[in-house]
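Read off the chains here:
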Amino acid sequence: MKAERDQEYYDVFARRKAEEPLEHIGTVGASEPSDAEVFAFKLYDQWKWTEQFVARRADIIEVVRTP
Amino acid sequence: MSSSESSLDRVVPADWSVTDDDEALAALVNLVVVLADNKFFLGRRFSEWLAGGPSLESAVALAAISQEELGHARALYPLLEEMPLVDTPGPLQRGAERERKYCLSCLDEPWEWWADVVAALILVDPALTILFRALEDSRYDDLRQRAARVPSEEVFHRKYAEGRLRDLARTDQGRETLQRRIDWMLPEVLMWFGPSGEPGVAALKTQGLIMLDNDEMRDAFQKDVASILEENGLRAELGELPWERWNSLQRRVE
Chain A
1 MKAERDQEYY
11 DVFARRKAEE
21 PLEHIGTVGA
31 SEPSDAEVFA
41 FKLYDQWKWT
51 EQFVARRADI
61 IEVVRTP
Chain B
1 MSSSESSLDR
11 VVPADWSVTD
21 DDEALAALVN
31 LVVVLADNKF
41 FLGRRFSEWL
51 AGGPSLESAV
61 ALAAISQEEL
71 GHARALYPLL
81 EEMPLVDTPG
91 PLQRGAERER
101 KYCLSCLDEP
111 WEWWADVVAA
121 LILVDPALTI
131 LFRALEDSRY
141 DDLRQRAARV
151 PSEEVFHRKY
161 AEGRLRDLAR
171 TDQGRETLQR
181 RIDWMLPEVL
191 MWFGPSGEPG
201 VAALKTQGLI
211 MLDNDEMRDA
221 FQKDVASILE
231 ENGLRAELGE
241 LPWERWNSLQ
251 RRVE
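Chains A and B supply the protein sequences, listed in that same order. Per the working numbering: the first sequence ends with 67, consecutive numbering throughout. Per the working numbering: the second sequence ends with 254, consecutive numbering throughout.
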């Protein structure tokens, strides 16, 4: 029995200080936004971030993509 | 909390300002060791499933949760050394340092099923958090300060728990397996708050060391978990609780 629902990728963004730019720090696979939030918080804990966000990759609109 | 530990010297010294009530002091020692041992064994049981989790992300998150549970236990054990009593239980580091354990019996042995991990995440962890919340305004400064950090960390534990619950409960087979594990754990977790009007808890409340009595904690817990169980097609139906098998000192079913 598969113990998880289907997952999709979420991109994780964070910054350490308010004046620093937001950085893409990685991805997590999750089956709902709440899981993505928990997984990102627990996986990417290498710094004490001032802000951290997750965004469903499917919701990110590509403006430029160089092949 | 039990006040029946006969080996305790219950004379409260005049210079110990937390309480001057012997019954409250004995119950306070019991409260601290019960909370610490349950956190310790919950962390241990979670740690045994780090390689068995369904995905990398859920395994890493469970590792962090396990560390935090063990951290909560480590923060509590030093309080026992402050207590003006002889023969208070010592801290656990590997789990075998003393024979008498003050944890739920469902935490005694390694779990056979992932569903046990999920059931403990949704039942045991929130039950402990209810008790920590009941200590947030405790007159005992050292305990209040240690208790204060727990609920904020538990917010992520709860989100993780609810996600794993939804994972398992989405299929008939998963839901049935989880229901069996809930049926096993839930009666003991409800009893863990103690029988109505337990003298030790009443003494703690009278002394301003805890804010809720047995029934208030149990009600808060039931309200806390009822909706997530119901939303996922799980039942919290109970018959008579087996109080005849209740060990009030170790706060567990025998």
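Don't take every hint at face value.
Said to hold, decoys possible - Straight-line alpha carbon distances no greater than 20 Å define the calculated SDA-like cross-link-like pairs of lysine to any residue that follow:
no.: 1; chain 1: B; residue 1: K159; chain 2: A; residue 2: Y44
no.: 2; chain 1: B; residue 1: K159; chain 2: A; residue 2: T66
no.: 3; chain 1: A; residue 1: K48; chain 2: B; residue 2: K223
no.: 4; chain 1: A; residue 1: K48; chain 2: B; residue 2: R149
no.: 5; chain 1: B; residue 1: K159; chain 2: A; residue 2: E8
no.: 6; chain 1: B; residue 1: K159; chain 2: A; residue 2: E51
no.: 7; chain 1: A; residue 1: K48; chain 2: B; residue 2: D213
no.: 8; chain 1: B; residue 1: K159; chain 2: A; residue 2: V64
no.: 9; chain 1: A; residue 1: K48; chain 2: B; residue 2: V155
no.: 10; chain 1: B; residue 1: K159; chain 2: B; residue 2: D125
no.: 11; chain 1: A; residue 1: K48; chain 2: B; residue 2: F156
no.: 12; chain 1: A; residue 1: K48; chain 2: B; residue 2: P89
no.: 13; chain 1: B; residue 1: K205; chain 2: B; residue 2: P187
no.: 14; chain 1: B; residue 1: K159; chain 2: A; residue 2: L43
no.: 15; chain 1: B; residue 1: K159; chain 2: A; residue 2: E23
no.: 16; chain 1: A; residue 1: K48; chain 2: B; residue 2: E153
no.: 17; chain 1: B; residue 1: K205; chain 2: B; residue 2: R144
no.: 18; chain 1: B; residue 1: K159; chain 2: A; residue 2: V63
no.: 19; chain 1: B; residue 1: K159; chain 2: A; residue 2: D6
no.: 20; chain 1: B; residue 1: K159; chain 2: A; residue 2: Y9
no.: 21; chain 1: B; residue 1: K159; chain 2: A; residue 2: D11
no.: 22; chain 1: B; residue 1: K159; chain 2: A; residue 2: T27
no.: 23; chain 1: B; residue 1: K205; chain 2: B; residue 2: S152
no.: 24; chain 1: B; residue 1: K159; chain 2: A; residue 2: D45
no.: 25; chain 1: A; residue 1: K48; chain 2: B; residue 2: A63
no.: 26; chain 1: B; residue 1: K159; chain 2: A; residue 2: E19
no.: 27; chain 1: A; residue 1: K48; chain 2: B; residue 2: V60
no.: 28; chain 1: B; residue 1: K159; chain 2: A; residue 2: E32
no.: 29; chain 1: A; residue 1: K48; chain 2: A; residue 2: E8
no.: 30; chain 1: B; residue 1: K159; chain 2: B; residue 2: E216
no.: 31; chain 1: A; residue 1: K48; chain 2: B; residue 2: K205
no.: 32; chain 1: B; residue 1: K159; chain 2: A; residue 2: R5
no.: 33; chain 1: A; residue 1: K48; chain 2: B; residue 2: Q67
no.: 34; chain 1: B; residue 1: K159; chain 2: A; residue 2: G29
no.: 35; chain 1: B; residue 1: K159; chain 2: A; residue 2: R65
no.: 36; chain 1: B; residue 1: K223; chain 2: B; residue 2: D213
no.: 37; chain 1: B; residue 1: K159; chain 2: A; residue 2: E20
Unchecked claim - The following label-pair restraints were derived from C-beta to C-beta distances:
no.: 38; chain 1: A; residue 1: W47; chain 2: B; residue 2: E254; range: 24 to 32 Å
no.: 39; chain 1: A; residue 1: Q46; chain 2: B; residue 2: E231; range: 54 to 62 Å
no.: 40; chain 1: A; residue 1: E23; chain 2: B; residue 2: R98; range: 46 to 54 Å
Hints are computed from structural coordinates only; laboratory data are not their basis. We put the beta carbon where it would ideally sit given N, CA and C, even for glycine.
Comparing the hints with the structure gives:
no.: 1; hint: B:K159 <-> A:Y44; verdict: 17 Å, holds
no.: 2; hint: B:K159 <-> A:T66; verdict: 38 Å, violated
no.: 3; hint: A:K48 <-> B:K223; verdict: 34 Å, violated
no.: 4; hint: A:K48 <-> B:R149; verdict: 16 Å, holds
no.: 5; hint: B:K159 <-> A:E8; verdict: 18 Å, holds
no.: 6; hint: B:K159 <-> A:E51; verdict: 19 Å, holds
no.: 7; hint: A:K48 <-> B:D213; verdict: 38 Å, violated
no.: 8; hint: B:K159 <-> A:V64; verdict: 35 Å, violated
no.: 9; hint: A:K48 <-> B:V155; verdict: 18 Å, holds
no.: 10; hint: B:K159 <-> B:D125; verdict: 12 Å, holds
no.: 11; hint: A:K48 <-> B:F156; verdict: 16 Å, holds
no.: 12; hint: A:K48 <-> B:P89; verdict: 36 Å, violated
no.: 13; hint: B:K205 <-> B:P187; verdict: 24 Å, violated
no.: 14; hint: B:K159 <-> A:L43; verdict: 15 Å, holds
no.: 15; hint: B:K159 <-> A:E23; verdict: 25 Å, violated
no.: 16; hint: A:K48 <-> B:E153; verdict: 15 Å, holds
no.: 17; hint: B:K205 <-> B:R144; verdict: 14 Å, holds
no.: 18; hint: B:K159 <-> A:V63; verdict: 33 Å, violated
no.: 19; hint: B:K159 <-> A:D6; verdict: 18 Å, holds
no.: 20; hint: B:K159 <-> A:Y9; verdict: 18 Å, holds
no.: 21; hint: B:K159 <-> A:D11; verdict: 19 Å, holds
no.: 22; hint: B:K159 <-> A:T27; verdict: 19 Å, holds
no.: 23; hint: B:K205 <-> B:S152; verdict: 24 Å, violated
no.: 24; hint: B:K159 <-> A:D45; verdict: 17 Å, holds
no.: 25; hint: A:K48 <-> B:A63; verdict: 18 Å, holds
no.: 26; hint: B:K159 <-> A:E19; verdict: 30 Å, violated
no.: 27; hint: A:K48 <-> B:V60; verdict: 18 Å, holds
no.: 28; hint: B:K159 <-> A:E32; verdict: 11 Å, holds
no.: 29; hint: A:K48 <-> A:E8; verdict: 26 Å, violated
no.: 30; hint: B:K159 <-> B:E216; verdict: 24 Å, violated
no.: 31; hint: A:K48 <-> B:K205; verdict: 38 Å, violated
no.: 32; hint: B:K159 <-> A:R5; verdict: 16 Å, holds
no.: 33; hint: A:K48 <-> B:Q67; verdict: 17 Å, holds
no.: 34; hint: B:K159 <-> A:G29; verdict: 16 Å, holds
no.: 35; hint: B:K159 <-> A:R65; verdict: 35 Å, violated
no.: 36; hint: B:K223 <-> B:D213; verdict: 16 Å, holds
no.: 37; hint: B:K159 <-> A:E20; verdict: 29 Å, violated
no.: 38; hint: A:W47 <-> B:E254: 24 to 32 Å; verdict: 47 Å, violated
no.: 39; hint: A:Q46 <-> B:E231: 54 to 62 Å; verdict: 35 Å, violated
no.: 40; hint: A:E23 <-> B:R98: 46 to 54 Å; verdict: 48 Å, holds
Of the hints listed earlier, those the structure fails to meet are numbers 2, 3, 7, 8, 12, 13, 15, 18, 23, 26, 29, 30, 31, 35, 37, 38 and 39, in rising order.
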